[in-house]
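K.L.:
Make a model of the complete structure from these sequences and hints.
Going line by line, the protein sequences match chains A and B.
Numbering-wise, this note's numbering puts 237 at position 237 of the first sequence, and it's gapless, one number per residue.
Numbering-wise, this note's numbering comes out as the position in the second sequence, counting from 1, plus 463.
Read the hints as simulated data drawn from the structure, not as lab findings.
A quick note: this is a predicted structure, and the numbers were derived from the prediction, not measured.
Every residue, glycine too, gets a C-beta built ideally from N, C-alpha and C.
You may find that some hints are simply not true.
[As the list claims (entries may be wrong)] Simulated restraints on C-beta separations: (1) Gly437(A) <-> Trp715(B): 53 to 61 Å; (2) Ser420(A) <-> Leu475(B): 39 to 47 Å; (3) Leu626(B) <-> Ala397(A): 26 to 34 Å; (4) Pro684(B) <-> Asp9(A): 40 to 48 Å.
[Said to hold, decoys possible] From the structure, some residues in chain A lie toward chain B, with a derived Cβ separation under 8 Å: (5) Leu67; (6) Val74; (7) Ala80; (8) Tyr81; (9) Thr85; (10) Leu102; (11) Pro172; (12) Trp175; (13) Ser414.
[As the list claims (entries may be wrong)] Every beta carbon over 10 Å from chain B, so not counted as near; a handful from chain A, in silico: (14) Gly242; (15) Asp243; (16) Ala304; (17) Ala341; (18) Tyr391.
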Amino acid sequence: MLESLQTFDATLLSRIQFGFTITFHILFPALSIGLAGFLVVLEALWLRTGEERYWRLLRFWTTVFALSFGMGVVSGIVLAYQFGTNWSGLMAKAGQILGPLLSYETLTAFFLEASFLGVLLFGWKRVSPRTHFISTVMVALGTCISAFWIMASNSWMQTPAGFTVRDGVFYPADWWAIIFNPSFLVRYAHMLMAAYLASAFVVAGVAAWYLLNNRFVPLARPMLALAFVMIVPLAPLQVIIGDMAGLIVRDYQPAKLAAMEAQWETGVMPLRLFAIPNQQAARNDFEIGIPKLGSLITQHSFDAPVKGLREFPPAERPNAAIIFWTFRVMVGIGFLMLAIALAASVLAIKKRLFTSRWFLRALTFASPLGFVAIVAGWYTAEIGRQPYVIYGLLRTADAVSPVTTGDVALSLTSFVIFYSAVFGAGFWYLARTIRSGPVEVALPAVPVLGNRPLAGMSPAAAK
Amino acid sequence: MTTWIDADWLTLFMAAMVAFAVGMYVVLDGFDLGLGILFPFADDDDQRDQMMNSIAPFWDGNETWLVFGGAILLSAFPLAFSIILPAVYLPITLMLLGLILRGVAFEFRFKHHPRVRIWDIAFAAGSIIAAFAQGVVLGAFVQGIEIRSAPSYQYGGGQWDWLTAFSMMTGVALLCGYALLGNTWLFWRSLGTLQQKAKAWMPVLLIGMLAAIGAISVWTPLMSPAIAARWFDFPRAFAFAPVPLLTVACAWGAYRALQKAPSVVPFMLCIGLFFLGYSGLAISIFPSLPPPSLTLFEAAASRQSQLFLLPGLIVLVPLILIHTWFNYRVFHVKTDEDSYGH
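P.N.:
Here's what the structure looks like:
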């Protein structure tokens with residue numbers, strides 16, 4: 001890391017700024033994607049059964065969703081404009097490909113979310129339950145469409161396809177190939193699963209915390225059960241999709257794979273459980289591993305060699321010391337989630353899911369883990385593609401804006417101070433909302449569904 | 464592809480879309496930023512709640528136009544995007560910080576019991592900072608951006624090029640304009656003492672807005688001979704003569720409408736004022752993007768990018784407009800009947 005101290009230039013500071021702002025940002029869309037899906041489930045349950053507990057859960061999680069969504073919107077605008085302020089080289093060269101993808105994100109997702117969000121948050125008394133439900137579905141759909149375009153553009157930069165280059169500028173040649181580039185579908189699925197899992201663990205953690213403290217028990221039980229309806233199938237599925245993502249890295253970004261595994265020499269690879277990679281000397285100062293298992297995982301064969309980082313010139317080697325560990329954090333959490341899913345299944349069969357105190361306590365601690373995994377995964381993907389921003393084609397150093405180091409230092413400092421204060425407060429309000437819990441909200445006085453007066457209060461009674 | 468789609472026609476259409484998106488942003492987020500600018504002048508929490516509630520369902524949709532404006536500028540004119548943004552690095556950063564501050568204030572303000580002042584201050588300060596910074600960006604853009612053409616087109620000026628007397632003036636001008644727009648919204652959608660206040664503020668703000676438009680109109684031709692020639696060369700000048708005349712007519716109409724029952728009329732006429740000022744700027748700089756040395760035809764993306772965007776723009780933008788209109792209908796209530804009830 002010492003050599004980077006001397007090169008604290010606009011490029012490095014811009015990378016730090018982008019990394020910093022996206023680390024905060026990504027938490028909110030991930031939570032919004034997951035919670036929007038959860039709101040759809042809760043509202044559907046409420047409309048079907050008319051049970052008050054679903055109504056209260058729906059209103060409670062809507063409040064949490066609103067906070068998360070609001071913070072996602074404002075932190076997202078920052079990213080959109082940073083593409084221009086800090087990465088104008090990238091935009092001048094690849095704007096004709098990345099720009100239309102981002103435009104379609106706005107056209108198909110942001111406006112959909114924004115249009116229906118007002119009804120979702122404020123429209124309980126203004127529109128029919130059916131219109132409200134449609135609005136919730138639209139917002140949830142919008143969050144997934146947004147992720148679609150963002151993952152398409154990011155994946156295109158990882159595994160570029162469908163373009164031609166003239167005078168250093170990237171021109172679109174085949175939009176289908178650009179969007180459905182080799183890594184897109186798997187990475188999109190991986191990200192969506194991650195968002196749903198991370199959010200489900202938040203819901204499970206909150207429910208567990210209520211159960212431990214004997215609060216809102218009739219509400220916390222369905223909450224916990226619903227969270228595991230999500231977690232039990234998704235946790236194993238995510239491991240399989242993660243493996244597929246790994247195979248794509250192996251095929252398209254061999255240097256990234258070598259850095260993730262701290263593999264310096266080409267050969268049969270052990271599964272390194274612990275290592276201290278030394279970038280300068282191009283070796284590991286220390287390592288413990290299980291022989292041949294790394295080859296089995298990445299090549300699906302015990303004897304297949306894995307290309308080592310030494311086969312790449314030093315300037316082309318991603319930083320193994322960082323992504324070896326970020327990758328392990330992500331994978332470790334993935335398997336921990338799998339273990340929790342298995343434990344929950346066993347406890348559910350034994351009918352002890354709601355009462356096993358050690359398990360509930362573990363769940364409260366596990367609630368932020370999904371987000372740690374998401375951030376660690378992103379660091380692995382993004383640091384692992386260095387020194388390129390468009391893999392193999394455009395170097396990060398050629399993508400940066402012609403701005404002064406002073407400018408970027410100033411903006412970075414302001415973002416750090418602002419984000420700490422503002423999003424610090426945001427997390428505090430989130431925690432407070434969760435602490436006070438799903439308090440009573442009067443059932444909606446829905447006078448009509450269609451033109452028929454409702455019998456009683458519940459919309460289900462009108463069916 | 465078919466030959467009847469002329470590349471220049473498409474480029475002009477894209478330029479019109481960028482102008483439209485930015486214009487929609489200015490009007491829509493303009494009035495809710497304007498409410499933030501007027502926020503410190505409200506009498507009590509009740510009035511502040513009314514103000515906040517009247518825009519709570521809309522602000523997020525309004526800000527979406529800012530993202531859209533940026534995205535469409537990037538797609539259709541990637542060179543312009545990559546030259547303009549580094550040129551206004553610090554004002555854009557300032558705008559982003561302002562937008563964060565006021566954006567989160569919407570959520571945080573109602574979460575805090577008992578009330579704390581800090582989110583009121585954050586909402587007002589964030590709105591003022593964002594509005595001023597946007598005005599500075601506008602000024603820096605109009606006064607011209609230095610470009611280096613070798614090895615490739617990029618921003619060629621310095622760190623502080625944007626900081627001029629002109630850009631400070633346009634910053635204040637936009638503050639005035641947004642405050643006026645926010646005030647006409649209040650006059651239309653609030654009740655009781657707040658509405659009375661809005662009525663009382665209006666003449667001052669109208670005069671401020673006219674002064675701002677006047678100052679920009681005089682300053683820009685003085686600053687640039689090309690702009691002067693555009694406006695004062697006969698006989699073309701006759702074609703543009705309606706712009707200043709309509710401006711005065713709109714302002715007068717807005718003032719007259721105040722004397723009658725509260726309605727949407729002053730709001731609409733102020734949108735008219737913005738539209739005229741905006742058209743004036745467009746007449747001044749067309750077809751530069753960014754002024755002075757690059758044209759929008761030079762900055763345009765390739766045909767493949769434009770054609771890919773075209774169906775999305777033609778199909779989705781009208782849908783978005785219809786839905787925006789629907790949303791303003793659903794939440795069309797006088798503000799004190801409603802509350803921040805999510």
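K.L.:
Quick one: are Gly437(A) and Trp715(B) within 53 to 61 Å, going by C-beta?
P.N.:
56 Å, holds
K.L.:
Would the non-interface assignment of Gly242(A) survive a Cβ cutoff of 10 Å against chain B?
P.N.:
Nearest chain B Cβ is 31 Å from Gly242(A), so the label holds.
K.L.:
Under 8 Å is the threshold here; is the Cβ of Ala80(A) close enough to any Cβ of chain B for the hint to stand?
P.N.:
Hint holds; Ala80(A) Cβ to chain B Cβ min 5 Å, cut 8 Å.
K.L.:
Using 8 Å as the Cβ threshold, decide whether Ser414(A) counts as touching chain B.
P.N.:
Holds, because the Cβ-Cβ distance from Ser414(A) to chain B comes to roughly 6 Å (cut-off 8 Å).
K.L.:
Does the interface hint hold: is Leu67(A) within less than 8 Å of chain B, judged Cβ to Cβ?
P.N.:
5 Å, holds
K.L.:
Just to be careful: measuring from the Cβ of Tyr81(A) to every Cβ in chain B, is the smallest value less than 8 Å?
P.N.:
This interface hint holds because 6 Å falls under the 8 Å limit.
K.L.:
For the hint 40 to 48 Å, verify it against the beta carbon of Pro684(B) and that of Asp9(A).
P.N.:
41 Å, holds
K.L.:
Should the hint that Ser420(A) and Leu475(B) are 39 to 47 Å apart at their CB atoms be regarded as holding?
P.N.:
Cβ of Ser420(A) to Cβ of Leu475(B): about 46 Å, so the range 39 to 47 Å holds.
K.L.:
Is the nearest CB of chain B more than 10 Å from the CB of Ala304(A)?
P.N.:
The claim holds: Ala304(A) sits with its nearest Cβ about 40 Å from chain B, beyond 10 Å.
K.L.:
Mind checking the CB of Thr85(A) against every CB in chain B and telling me if the closest is under 8 Å?
P.N.:
This interface hint holds because 5 Å falls under the 8 Å limit.
K.L.:
Does the CB of Trp175(A) sit less than 8 Å away from some CB of chain B?
P.N.:
For Trp175(A), the interface hint holds, since the closest Cβ of chain B sits about 5 Å away, which is under 8 Å.
K.L.:
In terms of Cβ atoms, is chain B entirely out of 10 Å range of Ala341(A)?
P.N.:
32 Å, holds
The structure meets every hint from the earlier list without exception.
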